[in-house]
Amino acid sequence: MAIARDKAATLFAEGGASTLRLILYLAAAITLMVLDHRGHYLQGLRRAASVVVEPAYRLAGLPAQVARATRDAVATQHQLVDENRALREQLLLAQARLNRLDALLAQNERLKALLDAQHDLGLAVQFAHLVDVDLDPFRHRVVLDVGTGQGAMVGQPIIDAHGIMGQLVEVLPNTSVAMLITDPAHAIPVRVERTGLRAIAYGSGATDRLELRDIPRSADIKAGDKLLSSGLGGRFPAGFPVGTIDTVGPDANGLFLVASAHPAAALDRSGEVLLLQDQPQPYGPPATLAGAAAATATTSQGGP
Amino acid sequence: MSRLRLQAWLVGATVLVAFALQLMPLPPLAEPFKPYWLGLVVVYWAIEAPERMGLGRAFVLGLCGDLLIGELLGEQAMRLLVLAFIVLRFRARLRAFPLAQQALALLVLLLNDRVVTLMIRGFAGEAMPPATFWIAPVSGALAWPLLYLALDRARLYQRSAD
Numbered sequence: 427m428a429i430a431r432d433k434a435a436t437l438f439a440e441g442g443a444s445t446l447r448l449i450l451y452l453a454a455a456i457t458l459m460v461l462d463h464r465g466h467y468l469q470g471l472r473r474a475a476s477v478v479v480e481p482a483y484r485l486a487g488l489p490a491q492v493a494r495a496t497r498d499a500v501a502t503q504h505q506l507v508d509e510n511r512a513l514r515e516q517l518l519l520a521q522a523r524l525n526r527l528d529a530l531l532a533q534n535e536r537l538k539a540l541l542d543a544q545h546d547l548g549l550a551v552q553f554a555h556l557v558d559v560d561l562d563p564f565r566h567r568v569v570l571d572v573g574t575g576q577g578a579m580v581g582q583p584i585i586d587a588h589g590i591m592g593q594l595v596e597v598l599p600n601t602s603v604a605m606l607i608t609d610p611a612h613a614i615p616v617r618v619e620r621t622g623l624r625a626i627a628y629g630s631g632a633t634d635r636l637e638l639r640d641i642p643r644s645a646d647i648k649a650g651d652k653l654l655s656s657g658l659g660g661r662f663p664a665g666f667p668v669g670t671i672d673t674v675g676p677d678a679n680g681l682f683l684v685a686s687a688h689p690a691a692a693l694d695r696s697g698e699v700l701l702l703q704d705q706p707q708p709y710g711p712p713a714t715l716a717g718a719a720a721a722t723a724t725t726s727q728g729g730p
Numbered sequence: 002m003s004r005l006r007l008q009a010w011l012v013g014a015t016v017l018v019a020f021a022l023q024l025m026p027l028p029p030l031a032e033p034f035k036p037y038w039l040g041l042v043v044v045y046w047a048i049e050a051p052e053r054m055g056l057g058r059a060f061v062l063g064l065c066g067d068l069l070i071g072e073l074l075g076e077q078a079m080r081l082l083v084l085a086f087i088v089l090r091f092r093a094r095l096r097a098f099p100l101a102q103q104a105l106a107l108l109v110l111l112l113n114d115r116v117v118t119l120m121i122r123g124f125a126g127e128a129m130p131p132a133t134f135w136i137a138p139v140s141g142a143l144a145w146p147l148l149y150l151a152l153d154r155a156r157l158y159q160r161s162a163d
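If you're matching them up, the sequences are chains V and C in order.
Last residue of the first sequence: 730 in the numbering used here, with the numbers rising by one and none dropped.
Last residue of the second sequence: 163 in the numbering used here, with the numbers rising by one and none dropped.
One should not assume that every hint holds.
Claimed, not checked - Chain V side only, calculated, beta carbon under 10 Å to chain C, not exhaustive:
id, residue
1, S444
2, T445
3, L450
4, L452
5, A482
6, Y483
7, G487
8, L561
9, P563
10, F564
11, R565
12, I626
13, S630
14, G665
15, P667
16, D694
As the list claims (entries may be wrong) - Chain C regions said to be covered by chain V (calculated; three or more residues, Cβ under 8 Å):
id, segment
17, 29-38
18, 66-79
19, 99-112
If you're looking for bench data, these hints aren't it; they were derived computationally from the structure.
Backbone N, C-alpha and C fix where the C-beta goes; we use that ideal spot for every residue, glycine too.
Extracted from the complex, chain C is given alone in its bound form:
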């Protein structure tokens, strides 16, 4: 199998795992800490392989997410779109950042994602979420180095395989 085909498989697999993690329940106390896995995976591929994660892909993935988890069709599509656009715009800089700085940038990105979510839900007439709503970006930023290293390792392994 060619390297590109393998990479496509890897992208697909990570997206599926992200969906599964997103759906998987946590103990009630840990629930607010669950990172936005789908967002993290989209950011990773937008940084590392932008030809595999453009705006269109992010949009379609968001629609899939809405179909599975969402309440309003298009909510996650818009969130992922905003995430992917910002990352693709600042890709050169983000790639050069050391891991800690990347995590910090991710924190800002995920906070921005929360603001976007809040705006969408506000327009849809939903109630204000509790303060724990703002914990997930922090845990997402903390999970970023782990995800980055794991996926980098997977890609390295894949490259050495062919």
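Extracted from the complex, chain V is given alone in its bound form:
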């Protein structure tokens, strides 16, 4: 055996695992962590190493893709017919809604002309696929197959057919990483549809729950209320569904209410998503301050 020849590998010697080396390496690791925590070099590094990182993501996502393709290939005709019928019904419903929306749009156009309004609610979107890669089950991140090459930018909101999913936090040349609204580090400003009450929905770390803290006790909010994005803070456009309130109760101090909601978007099922192209406000501080405040901008990326 080769082991016996090597001095470092003898059974009872300290060898490669001396305490001094451990301390040196630990110090290096801690230094790296502190530096990265302050300066956020990892994202830049990942971008520089994207030649290796991106193929790794695609490769790891391959089995899930193959599994999905196989499932499609071996699905019985009966299933396909059923699915087709369901989809056709949904399309009909959506079409009916759209028709009504057209009337509303026309009305809106007239009213806007009357008001001389500058803002346009036009929706420019970009289609993106999820790459089935699991970055960390306790951080709610998804990988998308668009990057700077396709015009993706950090801060872009992503939505699916049902509501807001999250926002891009990292963009590589052909891949990007998005933080979901259920990530414990994420918060999104919302408005209760029924009453207009404003609140902030924090991610809970569970894929099916959002948390609304510090709601005044006198506020009018109850289970079943729909939450829309309020557009405050300028990251997410106003008026997109975010979730539905499940429970409302007093918090630990009894001074405020806390509500728990489930997200509207199918966070654990979506295979295709839409990237909203126009951000209400550009990401980060204004251009003149950008250089001075670049470091603080990255630390506040999850905030409202």
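Chain V is fixed; fit chain C onto it per the hints.
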């Protein structure tokens, strides 16, 4: 090809497979059960071929892991460093353990790894993970005998090949 060269290939291949398994998604319900594959592979080579898996290698592998999966550069480097150090220190004893006892030792090691992770994330100001955070060490310990036997078989085959 010499035996040493072959072993280097095997180490590289297992590390690559560990990275791929780490990135591969599981159904949402099974997600918390995913073992820390990279950690298991590092432990295996630290026990069986310490000249191939010293502290330096563990550190570099951890940095690679952070580059691929991590949020904070150095987090996995520190975790693997701690794993490798403990294993290298108690290597003689760990090698002599029967497989079941080894799995038990692995459970303790992986739980310790979770504590280290929690400390790092706590210092970085992250939220406390949910209770399911503590399931992965158990599934990791359960996966250990399989991994050990599979890799032992691979090395046996390799040895008989040359």
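request  = Give me the numbers of the hints this structure contradicts, sorted from smallest to largest.
outcome  = Per hint list: 12, 14, 15, 19 violated.
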